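Novice: Residue numbers (the working numbering), protein chains in the order written: chain G, 199 to 748; chain X, 767 to 1107.
Incorrect hints may appear among the rest.
Claimed, not checked - As a list, the in silico DMTMM-like pairs of lysine to aspartate or glutamate whose alpha-carbon atoms are at most 25 Å apart:
hint, chain 1, residue 1, chain 2, residue 2
1, X, K1002, G, E404
2, X, K827, G, D328
3, X, K1056, X, E1043
4, X, K1008, G, E521
5, X, K815, G, D433
6, X, K899, G, E404
Unchecked claim - Partial list, computed: chain G residues near chain X (C-beta under 10 Å):
hint, residue
7, V313
8, G316
9, P326
10, D333
11, F383
12, R384
13, P388
14, T493
15, D644
16, R691
Just so you know, the hints here were simulated from the structure itself, not pulled from any lab data. These figures come from a predicted structure and were not determined experimentally. Even for Gly, the Cβ is constructed at its ideal location relative to N, Cα and C.
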Amino acid sequence: MTPARGLLYAASAMLAAVLLAPVLSLAVAAADGSGALWPHLAAYVLPQAIRDTFLLLAGVGILVIGLGTGTAWLVSAFAFPGRRLLDAALLLPLAVPTYVVAYAYLDLMHPLGPVQTGLRTLLGLRSPRDLSLPDLRSLPGCVLLLGFVLYPYVYLPTRALFLMRAGTLLEAARMLGAGPARTFFRVALPLARPAIVLGTGLALMEALNDVGAAEFLGVRTLTVQVYATWVNRSDLPGAAQIALVMLVGVVGLVALERLARGGRGYAGSGHRDRPTARRRLSGWRATLALTLGLTPVLLGFGLPAGYLVWATWQRLLGTGLPETLAAQALNTVFYASIATLVTVAMGLLVAASPHLLGRRSGSALIRAAGLGYAMPGTVLAVGLLAPLALLDNGLASLADAGLGWAPAVGLGTGAALVIAYTLRFLTISVGATEAGLARIPSTLPDAARVLGRGRFGTLLAVQIPLAWPAVLSGALLAFVDMAKELPVTLLLRPLNVETLSTHLYGEAARGTYEDGAASALLIVLTGLIPVALLLRLDRDAAPRQSRSDA
Amino acid sequence: MLRLRRFGCLMGISLAFALVGQAESAEVNLYTTREPGLIRPLLDAYTAKSGVTVNTVFVEKGLAERVAAEGARGNADVIMTVDIGNLIELVDRDLAQPVRSPVLEAAIPAPLRDGDGRWFALSMRARVLYADKALSDLNAATYESLAEPTWRGKICLRSGQHPYNTALIAAFLVRHGAEKTETWLRGVKANLARKAAGGDRDVARDIAADLCEIGLANSYYVGLMRSGRGGPDQQKWGEAIKVVLPTFEGGGTHVNVSGAVVAKHAPHREEAVKLLEYLVSDEAQALYAKTDFEYPVKAGVAVDPMLQALGPLTFDTTPLVEIARNRKAASLLADKVGFDN
């Protein structure tokens, strides 16, 4: 084994240990408990919690698949006025955290809010009693809300697939006489399956691990039960037990999906496919297409963001902006940027590991990289407490042993936050990089190998440069998620550090979330920058022809 | 590039200032589950007076876990939290240290602090009744009566798993025992007009919107809403309700506390005690009353007029420690009756 290879193995082994650390520490916590909680859970909690969780996931799943693929198809298969704009706008909900949307919508849709008040005025009704609309604080309300915010997770990869890969196949289908509907259902949809599954998986994990919106809307998911057990009964072992069972469930489902997919992949054929030639729409059809496409943008972004702008404006007139806003924004961008850099570096290592370490160890590492995203943020953060403390003490004893100084990376430091962000969102970077690498026809690295480059050299000189756009898009997505991140930040950040999201949460927790409206708006704006970059990146990567139409 | 360099310079300068600043002035580290907006005015006043820098981190869920994990090398000096259950948890997990302070003992009545000085209540809030203004005859309202069928479909409440409600259920448990509490809780559940969710202010908002007629919420929200500090909308909600101090049958009004402990491994123990002593001074207690609309723990410090107007507060005498010990049972009971379903 060459020294470089040894180093690589050592780095991977270390990374694997870090990835597994929170799960192990949760297992240790869980083993501390007696299991006495389970009869209670089985009798009073689980039947309802499992039902609500299932319905929530099923509902959100259907909604994000429908909205995500539908809109992706709309912008890639048709040409109509406003298409380019729509293409970009459909990503906007990514920038808004779900809990912010929940707060905004409750204000908007409450009987005293502008929507219902307006409706009553229109109908000439006086009391809210006379107009009883379904309450947003319900399971269906939560499903709708999460669905309209999370669909871009499906839209983004599916659209990329339609744009880049589907051209020839779709044209073939059309030439063979298939109508648009048939082409969509028989060719496009099966073709897009890996992308849809990837995006839906991310969206569902977001929905499953969400606490803010669910708690606020009164939906008792399993995750909310983990919190009730932990926070309200001081029963960390019990909470860790539920969390681990959930994690096993999630990991099992992911494995099942891989199994069902079998070995089928949709690797690139070597040449970049031509983009789909778009069907031109005009008249009422064009209007309909634009309206359909804009609806999710309006509901998932326009309304809540518009409301935030209005609320911030009101605040501005009333009490002015908080002085600490700039510091919060700087902190948010600072930690998210550093963690994004680390995440991308680790993501490259993990995604390339099947090429470097062999298929089996590589795919094990890839799966381990998904663990941090598969559990609720706070659970991950709690799982990290013990390992970070261990690290702290280890370094301290090193310092005592004669080094005299130890780097501050443990609990309560910014480094801890960076580590936690990386673990949480690594899978996003890995997934994007993996997809980018898979798109490279195997002939290219093979050629490099034949010409004498080693595996590592090939990766650096050929594969990574070719996959770079995908790597960057993963980085941007991870950055957006980090800038929005709340539970991990709340638990692990250093003294005197407030980010936009922790400030907003502090205000929301004491019921004055309007005071946090400016922070919420800045989170959205911070999220918009990478989303805009994402779009440019995407456009540059897309074949030239697509620019000419619409 | 130039910008980057300038940015680097700025960062360097501010870092230097931060280091120098830390070397010169005394400091104390506060870990808190209280929202920064609530305690910032108090801390700023303290810093202005004493010159001591108060470093804070607001951690909501998992504060105890974090302090426990940080262990002997931890930074926490003072740990501040709301709800007696959370306060006692810190003691139970051996994260607090005993403090002997004549100042604290003189200012805080004995039922509101630990005999061994391991926890101290700093302010109080009552769980009060918000009601539709049109309702009359509420002056003799009891917590027990909320289960009566006359209220069917008329009550709004936040989650039964929220510490404020858990503490109330726990107090009910101490007074009435498990069986009676379960019957009561089922009765209240049956009376709910909507899901037990949202926050305390939503109770007022939903009453204003005619979704329900009564509900329970904390006393300080009355002041926060009516003062207009939460904006004109909230002021309207505050004005739309009337507020009554309910009692337990033959008892007083349920009260919970905010409080603090000195961390077991506090690196600045002396400063920690000084901060606590400041927080029970007349000045700070008056600030608690004025900025947060809480009831001061110190006798003789005036309650805010807006709370004064609710009438005299008669505390329920159930010992706080008893309430804390029963919070797990109360939480399990809320599960059992499906309170939040």
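Novice: The structure should be examined with respect to each hint, and the outcome stated for every one.
Specialist: We went through each hint and held it up to the structure:
{"no.": "1", "hint": "X:K1002 to G:E404", "verdict": "violated (36 Å)"}
{"no.": "2", "hint": "X:K827 to G:D328", "verdict": "violated (40 Å)"}
{"no.": "3", "hint": "X:K1056 to X:E1043", "verdict": "holds (19 Å)"}
{"no.": "4", "hint": "X:K1008 to G:E521", "verdict": "violated (35 Å)"}
{"no.": "5", "hint": "X:K815 to G:D433", "verdict": "violated (41 Å)"}
{"no.": "6", "hint": "X:K899 to G:E404", "verdict": "violated (42 Å)"}
{"no.": "7", "hint": "V313", "verdict": "violated (13 Å)"}
{"no.": "8", "hint": "G316", "verdict": "violated (14 Å)"}
{"no.": "9", "hint": "P326", "verdict": "holds (5 Å)"}
{"no.": "10", "hint": "D333", "verdict": "holds (6 Å)"}
{"no.": "11", "hint": "F383", "verdict": "violated (39 Å)"}
{"no.": "12", "hint": "R384", "verdict": "violated (43 Å)"}
{"no.": "13", "hint": "P388", "verdict": "violated (40 Å)"}
{"no.": "14", "hint": "T493", "verdict": "violated (27 Å)"}
{"no.": "15", "hint": "D644", "verdict": "violated (40 Å)"}
{"no.": "16", "hint": "R691", "verdict": "holds (7 Å)"}
Violation of the numbered hints given earlier is confined to hints 1, 2, 4, 5, 6, 7, 8, 11, 12, 13, 14, 15; the remaining hints are satisfied by the structure.
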